[in-house]
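J.: For reference, the chains in residue letters:
Protein chains: 2
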Amino acid sequence: MVDFLTLDTDTLRHMQKQLTLKYENFKQKKLKLNMSRGKPCSEQLDLSSGLLESLNRNYQAEDGTDCRNYGGLGGLPEARRLFAELLEVQPDEIIVHGNSSLALMHDLITRALIFGVDGQEAPWGQQPIKFLCPSPGYDRHFAICEFYNIEMITIPIREDGPDMDLVEKLVATDETIKGIWCIPKYSNPTGVTYSDQVVTRLARMKTKAPDFRIFWDNAYAWHDLSSDPVPLKNILTACKEANHPDRVYIFSSTSKITYAGAGLAMVASSVPNINRLKKQMGIQTIGPNKLNQLAHIRFFKNAQNVRLHMKKHAAVLRPKFDLVLNLLETELGGKKIASWSRPQGGYFISFNTLPGCAKKVVQMAADAGVELTKAGATFPYGIDPNDENIRIAPTYPPLAELKTAMELFTLCVQLVSIENILRSREHSSTELLLHEESRVQIV
Amino acid sequence: MVDFLTLDTDTLRHMQKQLTLKYENFKQKKLKLNMSRGKPCSEQLDLSSGLLESLNRNYQAEDGTDCRNYGGLGGLPEARRLFAELLEVQPDEIIVHGNSSLALMHDLITRALIFGVDGQEAPWGQQPIKFLCPSPGYDRHFAICEFYNIEMITIPIREDGPDMDLVEKLVATDETIKGIWCIPKYSNPTGVTYSDQVVTRLARMKTKAPDFRIFWDNAYAWHDLSSDPVPLKNILTACKEANHPDRVYIFSSTSKITYAGAGLAMVASSVPNINRLKKQMGIQTIGPNKLNQLAHIRFFKNAQNVRLHMKKHAAVLRPKFDLVLNLLETELGGKKIASWSRPQGGYFISFNTLPGCAKKVVQMAADAGVELTKAGATFPYGIDPNDENIRIAPTYPPLAELKTAMELFTLCVQLVSIENILRSREHSSTELLLHEESRVQIV
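Chains as they are written, first to last, in this note's numbering: chain A, 363 to 805; chain B, 363 to 805.
I should point out that these hints are in silico values taken from the structure, not numbers from a laboratory.
Hints should not be assumed to be uniformly reliable.
No distinction is drawn between identical chains; accordingly, a pair holds when it is met within one copy or between any pair of copies.
Stated by the list, open to error - Lysine-lysine pairs mimicking DSSO-like chemistry, simulated, CA-CA at most 30 angstroms apart:
1) K640 with K736
2) K641 with K736
3) K640 with K394
4) K641 with K492
One chain only, chain A, in its complex shape:
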C-alpha cells in the first residue's frame, strides 16, 4: 500500500476517478444499512431465548417475595448478590433497578442539581458547574450535560485512559468541576481500558470540589472479544483506600448481556451513597420490575454462567470485528489517511480520518445508503475539533451487510481524503502537514 501523501497529483486524480465510479455503482444499489448505534444483533438477542420463560409461572423470590406485587425498592436480594459479585462490590453497595442505566445516571445528576450529592454541600444547580468529558466518548453522557447546561470540558483519551495530568490539574483548582464521565473498560468508542495507574489517580486525586463525583459507566464490564479479558482495577476499593469512599458511582446493565431494551440496570457505590439514593428513589417509585429481575436470576443462576454467556456473545461479535478490521487494513492500511482502534472488547471501533474529513465521509456514506454515527457525536456538543473521529458500530448488521457497508465506507474515506489532499495542494501544502502532525494517534 502506498502513502497517499507521497502520490503525485495526477495519480491521485486518476484514483479519484476510478473510486468515484465505484461509489456511483454503490449508489445504484440503493442500500439502506444502519450502523449508527451500538445495538446487539438478533443472533445475540437469541442467546437469551428462554429468559422470560425461565420464570415458569413461579414468581416467588428466595425470601418469599411475590415478584408480581409492589415493593423491593433496591432490587431482589438474589439480583443484588449476583451483580455485586460480578461488579466486585458488596450486596449492600448496589441497587438493581429497571431497564436503563442511563436513567440511573440521568436521575442521579438531576437529584444532585436539586439537592447536591451528599446532603452537606450545596445543590449542584445553585451555580454553573462543569463536567470533564474524556473524548471521544459517549454521546448520551454528553447529552445529559448539555440538557442540564453543565459545561463540558473535553479531556483527551490516551491508550490507558483519560489524560490524567490534565484531569488532576483541572480538578485541583476549579471548584465548579463536579464530575467526570468514565467508560473505564472497552470505552465507547475508543476501546480503551483504564490502566491501574489511571484508576488509582482518579481515586486519589485532590479535588477542589469536596462533592466531586466519578460517573463510572462500566457498560462493557464483561464484554470481552478475546479469550484473554483486559483487567480493570476496582475503583470503589481504590476510592475507599484513598479515603474518598463516596467519590464514585458505578453503573452497569445487562442491556448487552440479555436484552438491550429489557435488561436490568444497576448502580453501585458506598453504603452511605446507596442508602441516600434508595431514600430518594423511594419518592420516585415503589420498586423496579422484580419479575424481570427474577427471570434473569432463574436464567443465569450464577455469575459463572453470565461469564460463559458473554463468551457466546464474543463468538457472534468477533467475526464482525475481524471483518471490519481486515477490510480497513486491506483497503486503507499503509495509505496514511486514517487510523483506527483494534479493541479487545466492547462495541465499537474508533476511526480517525485525516483532519477535516469525518463529516464528509459520514455524509457520503449516508448519500449511498449507509448510516453511520453522526460525525462529531463522540465529542461534547457534537463538535469534534479536528473533524476526524468516526464511531464504527459493527455489532448490529449481518456479516454480508457489514461487508458491503465497510467497502463503501473505505471507499468514501479514500475519496474524501484524496479530495482533501488535492484541495490543500491547490491552496498550500503546509496547512495539511501541520494538521497531520498534530493529529492524536489512537492506534
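Let chain A serve as the given structure and place chain B on it in line with the hints.
T.: Chain B only, in chain A's frame:
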C-alpha cells in the same frame, strides 16, 4: 345499636371492661396481618397468569420492531393505541412507559422544577411554589411535594370531588400555586368520583399561574366494584374545550390490572405536552421495556378484554369490601363513633373516627398485630388536623384474615372512642361536641 354519646358513664365503663378483655384475647393470638397498602392479592395477580408466556418467543411488534432491542421511546404503537382507547385520548396524546406511574409524575415535577412545564414560563424551582392537595389523599403524591419542598395546601374532598369554590378562589389569586393532585375516580382513599361539574370547573377555572397544571392520577379508571361503573368526564377534552389544552397530565397504569410491580405506566396529555416530554425523556432513557408492553398486548389483545379482566378483579374484591362494610355496620353502625365510605370502586374504604382517635386506633391495632396505614398518612405532611381519618385497604389479605383484622379494628375503634368520651366527660363535655360538629362527614 346505641349512640355511645347517649350512654351513661357507668355503662361505658362496663363496656370498656368487656371490650378490653376481648382485645387482650386478640393480643394473645399473636397476629401478624398487614393492611397498610393497597396491594392486589395473589388471587388477583393470578388473573394475569400467562401474561409473560403470551410472548411465546415471538418478540416482534406489529411494525416489525424487535422488542428485545433498544428504542421505542414513546411506547409501542399498539400499546399506545390500546391505552389511548381505554383513557379516551388519541395515540399521539399518550406515552406508555415503564412499570411506575409514580415515576412519571415524580419525573415530570422534577423537570418542571428545573425547566418549567411549557418552555415559556420560568422553572418552577426558581421560587417557592404550592400544590393543592385534596385530602384525604394519596401519601405518595404528598411525599413528592414534601421531598421537593413544594408547599401543600389541604383542600377538603366533598362527595363529588375537591371543594371547587375553595380551589377556584385560591388559584385565581395565587400565582405560586402551580398544581393540584387529583385522583378523579374512586379516589384514594375516599372512593369519591369527580362529578362532571367538578371536572368542567377544573378545566375552565382561571388560574393566576399561566403554567398551572392538573396532575390527574387516574389510577382506578377501570376498577369498578359494581357492575354499574361510575362515569368520569374526559378531562383532556374538557381542557381543550375550555381553551386550556395543555393544563392536564393524565396518569394511569396496569399496576392493579396485571402486575403491581411489573405492569405498564402511562401519561397522557396534549400533543405539545407529550412531544416536549418525549424529548426530555429521550435524554433520560433509550426506551421502556417493550417486551413487557408486547406481552400485555398479546395477553389482552383489545380494550374490551381489559374491561372483562377488570370484572374478574371485581369478583375477587367485592366479597372483601362487603365483608369489611358488613362488619363495620354490625359492629359500629348507629353508635355514632365513626363514619365510613361505601365505595363503588377503587382500593380503599375511608374511615373516620371521632376527632382525636385515629392515631390511637392505629396504634392499638398495631399492638395486637394488625398493621394499618399510618394515621395521618392521607393528609399533607402526614398530619390529619382532626386525627380522625384511617385508610382501610381490604384488597390484600385473604377473607379469613381480613375478618379477624376488621374484628380487631372495630374493637379498637370502640375502645378508643369510649376512652375518649370518658376523658372528655372528665374534663369538659363541650370540647368533644365542638369537635364533633366541625367534623367533615364523608359518607
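J.: Does each hint fit the structure? Answer for all of them.
T.: How the hints compare with the structure:
For the identical chains of this complex, K640 and K736 are inter-copy neighbours only, at 21 angstroms across copies versus 37 angstroms inside a copy, given an alpha-carbon limit of 30 angstroms. Taking the shortest Cα distances, K641 and K736 sit within 30 angstroms of each other only across copies (19 angstroms), while inside one copy they are farther apart (39 angstroms). For the identical chains of this complex, K640 and K394 are inter-copy neighbours only, at 27 angstroms across copies versus 45 angstroms inside a copy, given an alpha-carbon limit of 30 angstroms. Proximity of K641 and K492 under a CA criterion of 30 angstroms is satisfied in both settings, with 26 angstroms inside one chain copy and 23 angstroms between copies.
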